[in-house]
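Asker: Each chain is listed here by its residues.
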Amino acid sequence: MPEKLYPKFKDEVSKTPGGENIKRCYQCGTCNVSCPIREIDEKYNPRKIIRMVILGMKERVLSSDFIWLCTACYTCQERCPQDVRIPEVMNAIKNLAVKEGHVHSSFIKQAKTIESTGWAHVMSEFEKKRRAQLELPPVYKECPEVQEVFRLTGLNKLTHAEGTG
Amino acid sequence: MQKVPDKLKYSFFIGCATPVLTSNYELSTRKVAEKLGIELIDIEDFACCGFPLKSVDQETSILMAARDLCIAEEHGLNICTICPGCTSMLTEVSKKLEEDSQLKKQIDRKLQKIGRTYNGGVEVKHFIRILHDDIGVEKIKKTMKKSLEGLRIAPHYGCHYMKPSGIYDRFEDPEFPKTLDELISLTGAESVNYEDKIQCCGGYVLGVDENISFALASKKLDHVKATNADAIGLLCPLCSVMYDRNQRAIERRFNKSYSLPVLFYPQILGLALGLDPTDLGLEMNRVKPTSLLDKL
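Chains X and D, in that order, give the protein sequences. Going by numbering that gives the first Met the number 0, the first residue of the first sequence is number 0, and it counts up by one from there. Going by numbering that gives the first Met the number 0, the first residue of the second sequence is number 0, and it counts up by one from there.
Honestly, the hints are just simulated from the structure, not real lab data. There could be a bad hint or two in this list.
So the derived label-pair ranges between C-beta atoms look like this [what the hints assert, rightly or not]:
id, chain 1, residue 1, chain 2, residue 2, range
1, X, Pro-80, D, Asp-133, 14 to 24 Å
2, X, Lys-108, D, Lys-138, 42 to 52 Å
3, X, Asp-40, D, Asn-227, 52 to 62 Å
4, D, Glu-33, X, Arg-50, 47 to 57 Å
5, D, Thr-116, X, Pro-6, 26 to 36 Å
6, D, Arg-285, X, Glu-58, 18 to 28 Å
7, D, Asp-275, X, Lys-127, 32 to 42 Å
8, X, Gly-153, D, Asp-275, 24 to 34 Å
9, D, Thr-116, X, Ser-104, 52 to 62 Å
Under 7 Å between C-beta atoms, here's a sample of chain X residues computed to sit facing chain D [said to hold, decoys possible]:
id, residue
10, Leu-54
11, Tyr-73
12, Gly-100
13, Ser-115
Ideal Cβ placement from N, Cα and C applies to all residues, glycine included.
Generate coordinates for the entire structure from the input sequences, incorporating the hints supplied.
Answerer: See the structure below:
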């Protein structure tokens, strides 16, 4: 059966923050030749991902693993002659993927840590003691305000959903 | 902002990676700041800058950054960062809120619910730029106690220190950056050029695909090793995790041998300012910089 196409997918992406300039892409491939990840593994292909979005291959793009491989180095963004802002487009696509229930486990794990502790890395008791020995100030404090932030944006629905992370 | 903060007094936005993974960066930054008269104020209420949430939900990431900017504003202080990820996130959001009134309204409504108000005007600056722009190369040179002549150091800029260049008003040419080179040279050490100097460390995808991430880091280590440099000099905790903390694992994975010390710039400058290697956390570096210290 041929793949179902969603002609409006490109509009969805362009209306999501970061995705505004996606339709400017004229497929020159400057992003691909600038991309350090693609140099190592061809499964990450920013030019092709943009083409797939324009063609409406929504399900395949949003459920893919490759959209999570952008290392956010911004080299392609600096060089793109059409100011497509590819890493921001990738963020828009990833945000849409999350809404459709596709989220890479490492990111959801990190989101949970931030929600519960205020920070993306947890400081162990050992490290706390070591900081004291080094005469470094205690920098982290419990931050319930962050849980409120997650509630206000609705991200808590994702971090508290069953079977995530 | 109502009052103009003192230029050399900043709120210290330490980020999450540094105190947990790279205390040597924190130690050396604090010591160098003290030596040069830069006052760094710790603020307990700061939380994550929001950068790690950008891929998941941008509104949450913006709200997290806006909240931190509000807190700095409440203290009447600009922000000194040491993690380039935090630097870019906080800078980008302060710019967005200034330019996009609709977004500002949306964020203001949510900030109000957590009892915060955003007026804007807080400047966000990486510690390296404070050294370079606010203190200045010439002034630092005058404070120097010991020349690092004979050392060859390969600068690694990483990504978010200077990119996306638009949010930083292009203070660096992202293809040919020079601030870190200048800061290394002022110590008397040679700043070594090498292949693919602006290449990323791959740390951002470490949790997604370790193989790709390690392969990217390994390329940098290859390129620097080829120049016989004594060390990599850098300014990002995540890049240090890739090149220093993970160096042994990368050597094993790709059957390589590097033994390449990786120093944070404040550790390098600290040596030139006559500070003790222990105070600069050099003993905490995974790849021991013994041969480098012997040269001095």
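Asker: Against this structure, judge whether each hint is valid.
Answerer: Hints versus structure:
1. Pro-80/X / Asp-133/D: 14 to 24 Å: violated (35 Å)
2. Lys-108/X / Lys-138/D: 42 to 52 Å: The hint (42 to 52 Å, Cβ to Cβ) holds, given that Lys-108/X and Lys-138/D are roughly 45 Å apart.
3. Asp-40/X / Asn-227/D: 52 to 62 Å: For Asp-40/X and Asn-227/D the Cβ distance comes to about 30 Å; the hint is violated.
4. Glu-33/D / Arg-50/X: 47 to 57 Å: Holds - the Cβ-Cβ distance for Glu-33/D and Arg-50/X, about 53 Å, lies within 47 to 57 Å.
5. Thr-116/D / Pro-6/X: 26 to 36 Å: Violated, at about 43 Å.
6. Arg-285/D / Glu-58/X: 18 to 28 Å: violated (44 Å)
7. Asp-275/D / Lys-127/X: 32 to 42 Å: violated (24 Å)
8. Gly-153/X / Asp-275/D: 24 to 34 Å: Cβ of Gly-153/X to Cβ of Asp-275/D: about 51 Å, so the range 24 to 34 Å is violated.
9. Thr-116/D / Ser-104/X: 52 to 62 Å: violated (37 Å)
10. Leu-54: violated (23 Å)
11. Tyr-73: holds (4 Å)
12. Gly-100: violated (12 Å)
13. Ser-115: For Ser-115/X, the interface hint is violated, since the closest Cβ of chain D sits about 11 Å away, which is over 7 Å.
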